[in-house]
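Asks: Sequence:
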Amino acid sequence: MMTPNARIYIAGHSGLVGSALCRALAAAGYTDVITRTHAELDLTDAAATEAFFAIEKPEYVFIAAARVGGILANNEFPADFIRDNLAIETNLITAAHRHGAARLLFFGASCIYPKFAEQPIREDSLLTGPLEATNRPYALAKIAGIEMCWSYNRQHGTRFLSVMPASAYGPNDNFSPENSHVLPALIRRFTEAARNRAESVTLWGTGTALREFLYSDDLADACLFLMNLDDAAFDDLLGKGIDHQKVFQPPLINIGSGTDLPISQLAARIAQLAGFEGRIDYDTSKPDGTPRKLLDNARIAALGWQPKVDLDAGLRLTMDHYLATPGEGRR
Numbered sequence: 001m002m003t004p005n006a007r008i009y010i011a012g013h014s015g016l017v018g019s020a021l022c023r024a025l026a027a028a029g030y031t032d033v034i035t036r037t038h039a040e041l042d043l044t045d046a047a048a049t050e051a052f053f054a055i056e057k058p059e060y061v062f063i064a065a066a067r068v069g070g071i072l073a074n075n076e077f078p079a080d081f082i083r084d085n086l087a088i089e090t091n092l093i094t095a096a097h098r099h100g101a102a103r104l105l106f107f108g109a110s111c112i113y114p115k116f117a118e119q120p121i122r123e124d125s126l127l128t129g130p131l132e133a134t135n136r137p138y139a140l141a142k143i144a145g146i147e148m149c150w151s152y153n154r155q156h157g158t159r160f161l162s163v164m165p166a167s168a169y170g171p172n173d174n175f176s177p178e179n180s181h182v183l184p185a186l187i188r189r190f191t192e193a194a195r196n197r198a199e200s201v202t203l204w205g206t207g208t209a210l211r212e213f214l215y216s217d218d219l220a221d222a223c224l225f226l227m228n229l230d231d232a233a234f235d236d237l238l239g240k241g242i243d244h245q246k247v248f249q250p251p252l253i254n255i256g257s258g259t260d261l262p263i264s265q266l267a268a269r270i271a272q273l274a275g276f277e278g279r280i281d282y283d284t285s286k287p288d289g290t291p292r293k294l295l296d297n298a299r300i301a302a303l304g305w306q307p308k309v310d311l312d313a314g315l316r317l318t319m320d321h322y323l324a325t326p327g328e329g330r331r
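So that you can map any letter, position 308 of the sequence shown is 308 in this note's numbering, and since no number is skipped, the others follow by simple counting.
Quick list of simulated restraints, FRET-style, between CB atoms: (1) Thr94 x Asn5: 24 to 32 Å; (2) Thr94 x Glu199: 50 to 58 Å; (3) Leu323 x Gly278: 14 to 22 Å; (4) Thr208 x Glu277: 19 to 27 Å.
Just so you know, the hints here were simulated from the structure itself, not pulled from any lab data.
Backbone N, C-alpha and C fix where the C-beta goes; we use that ideal spot for every residue, glycine too.
Generate the whole structure from the sequences, applying the supplied hints.
Replies: See below:
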């Protein structure tokens with residue numbers, strides 16, 4: 001369990017998930033939180049990452065740093081996504097082991113589950129079917145990170161856990177038109193359309209794909225909950241099964257909201273919040289991505305955690321942040 005004066009490193013502290021972790025740690029009274037900007041520490045640089053760990057020696061590590069983006073960015077920059085994410089996770093996991101981190105939390109993403117996984121998706125669905133092609137390089141990098149955590153646990157006795165969150169959203173999300181995920185992209189699109197009094201907004205796909213969303217502060221709360229489990233409960237999550245056994249349980253736990261909705265309904269809710277009164281069209285020549293990816297939340301619920309922020313409240317909070325932040329997503 002993390003004591004109030006534990007040395008805690010958040011990789012990717014300025015992003016959506018990392019900033020939520022910073023808020024949660026501050027609210028809980030943690031006083032020794034270590035952060036570095038990309039300009040101060042390039043996590044794709046193995047030597048720089050090793051030197052940082054040698055000096056700072058964090059006891060607890062949250063790997064929220066990653067190269068992320070939506071369908072467009074994944075399609076256009078597949079080499080960048082697999083290269084950078086493999087480098088970041090390799091350097092951080094290796095350095096955490098070398099310098100004796102007590103616990104590590106690695107963030108996966110729900111897109112790493114098979115495209116047609118049985119719903120809701122259990123953790124043991126990993127690697128049981130083909131991935132969605134539009135984000136396969138990113139997904140494979142994240143799967144490698146989970147396998148790396150599992151391998152270090154088995155070989156070196158580390159306590160490295162992976163979490164699989166639903167699509168996170170909230171303050172400090174990426175609203176860039178080039179590489180944002182669907183929810184922040186819709187906030188930007190409909191806000192601009194309302195401001196310009198556009199007659200219509202055209203979205204990719206059919207609008208029928210189902211998505212589950214998790215407010216970033218709920219995700220951070222779940223992560224602190226997991227990192228503060230007693231040793232027996234935490235160790236029970238660290239993976240079971242070796243190649244010759246039939247048991248397959250990677251060091252992985254889902255974190256979701258428990259509900260999903262079609263993209264068309266999400267778009268309608270955001271359009272209403274933004275004050276857009278025009279028509280919503282769909283370009284069906286563009287991909288939908290995975291048809292559905294609702295997570296099975298049973299394991300973390302059994303441990304005693306539940307989300308607190310419903311989608312409508314989270315959308316209002318995220319929209320308020322977007323409108324109140326000068327230049328947010330407009331660069």
